[in-house]
Amino acid sequence: MVKPTSVTNNIRSLRFAAGELTQAELAERVGVTRQTIIAIEQGKYSPSLEIAFQIAYALGVRLDEVFTYPGASAAPAPTGESE
Amino acid sequence: MAIDDMNYEERVAWVGLVVSIASFAVYVTVLLTRAAETPMPETPYVDAMLWTIGASIVVMIIVSIIVGIVTHKDGHETDIRDKQIKARAEFTSRGFLVAGAFAALVFALLELDPFWIANVLYLGFFLSALLETVTKIALYRRGVPAW
Chain A
1 MVKPTSVTNN
11 IRSLRFAAGE
21 LTQAELAERV
31 GVTRQTIIAI
41 EQGKYSPSLE
51 IAFQIAYALG
61 VRLDEVFTYP
71 GASAAPAPTG
81 ESE
Chain B
1 MAIDDMNYEE
11 RVAWVGLVVS
21 IASFAVYVTV
31 LLTRAAETPM
41 PETPYVDAML
51 WTIGASIVVM
61 IIVSIIVGIV
71 THKDGHETDI
81 RDKQIKARAE
91 FTSRGFLVAG
101 AFAALVFALL
111 ELDPFWIANV
121 LYLGFFLSAL
131 LETVTKIALY
141 RRGVPAW
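Residue numbers (the working numbering), protein chains in the order written: chain A, 1 to 83; chain B, 1 to 147.
This is chain A alone, in the form it adopts within the complex (with noise of 0.2 Å):
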């Protein structure tokens, strides 16, 4: 089965690490259901931007903490230049 999405997160850990948060408290802070928090944390659903925000604010981490995408180290690095 093709996974549903290419982007990984540290949410599970990240939970533990912040006085172990359980599914319940995050999803309560960032304002969704515990299964959306569950399907986040297993790759089954690609949040919007707004709700990986939410959770990166909620954690108390950046948002690349949180997630992770496999081609982001392949990409050019930004040069600062602009056009």
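Read the hints as simulated data drawn from the structure, not as lab findings. Even glycine gets a Cβ: it sits at the ideal position worked out from N, Cα and C. Be aware that a few hints might be false.
Quick list of simulated restraints, FRET-style, between CB atoms [claimed, not checked]:
{"no.": "1", "chain 1": "A", "residue 1": "S6", "chain 2": "B", "residue 2": "H72", "range": "21 to 27 Å"}
{"no.": "2", "chain 1": "B", "residue 1": "V134", "chain 2": "A", "residue 2": "R62", "range": "36 to 42 Å"}
{"no.": "3", "chain 1": "A", "residue 1": "T68", "chain 2": "B", "residue 2": "G54", "range": "48 to 54 Å"}
{"no.": "4", "chain 1": "B", "residue 1": "A55", "chain 2": "A", "residue 2": "E50", "range": "38 to 44 Å"}
{"no.": "5", "chain 1": "B", "residue 1": "A55", "chain 2": "A", "residue 2": "T8", "range": "44 to 50 Å"}
{"no.": "6", "chain 1": "A", "residue 1": "P70", "chain 2": "B", "residue 2": "W51", "range": "51 to 57 Å"}
{"no.": "7", "chain 1": "B", "residue 1": "P114", "chain 2": "A", "residue 2": "P70", "range": "54 to 60 Å"}
{"no.": "8", "chain 1": "A", "residue 1": "A24", "chain 2": "B", "residue 2": "V28", "range": "42 to 48 Å"}
{"no.": "9", "chain 1": "B", "residue 1": "P39", "chain 2": "A", "residue 2": "A24", "range": "56 to 62 Å"}
To give a feel for the contact side, a few chain A residues facing chain B, derived at Cβ under 10 Å [claimed, not checked]:
{"no.": "10", "residue": "P4"}
{"no.": "11", "residue": "T5"}
{"no.": "12", "residue": "V7"}
{"no.": "13", "residue": "T8"}
{"no.": "14", "residue": "G31"}
{"no.": "15", "residue": "S48"}
{"no.": "16", "residue": "I51"}
{"no.": "17", "residue": "D64"}
{"no.": "18", "residue": "G71"}
Dock chain B against the given chain A, drawing on the hints supplied.
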């Protein structure tokens, strides 16, 4: 697969799957039993169709309320994921609805008996509802692929 892993919308989808299959099966059974005595399209069908549609709506409302009460302890009943799954399931099942309506249109243009028009519409409703709930359950269980 634990019941506890399901949220409100998924539980209602499972109930909808059972209710839609059961109600259509009852209707087909009644229709075929009657067809043994009176050949189609003279077979009486209106009362059976209205009763099965009405009963399935009432059962769905009652069960949805009960599921809502049971699921209430989970906090949020629905969220954006539920809306996305609902939209995608409706999009997937729309084909059967359109096919049923189109077949009914053709039957009407051919001036077929209303028996066939009503039944092909009912079949379209049933297949559409069936595909919608099956899609919903699959998206809840197996995950929502990115578009």
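#### Entry: Contradicted hints - numbers only
1, 13, 17 and 18
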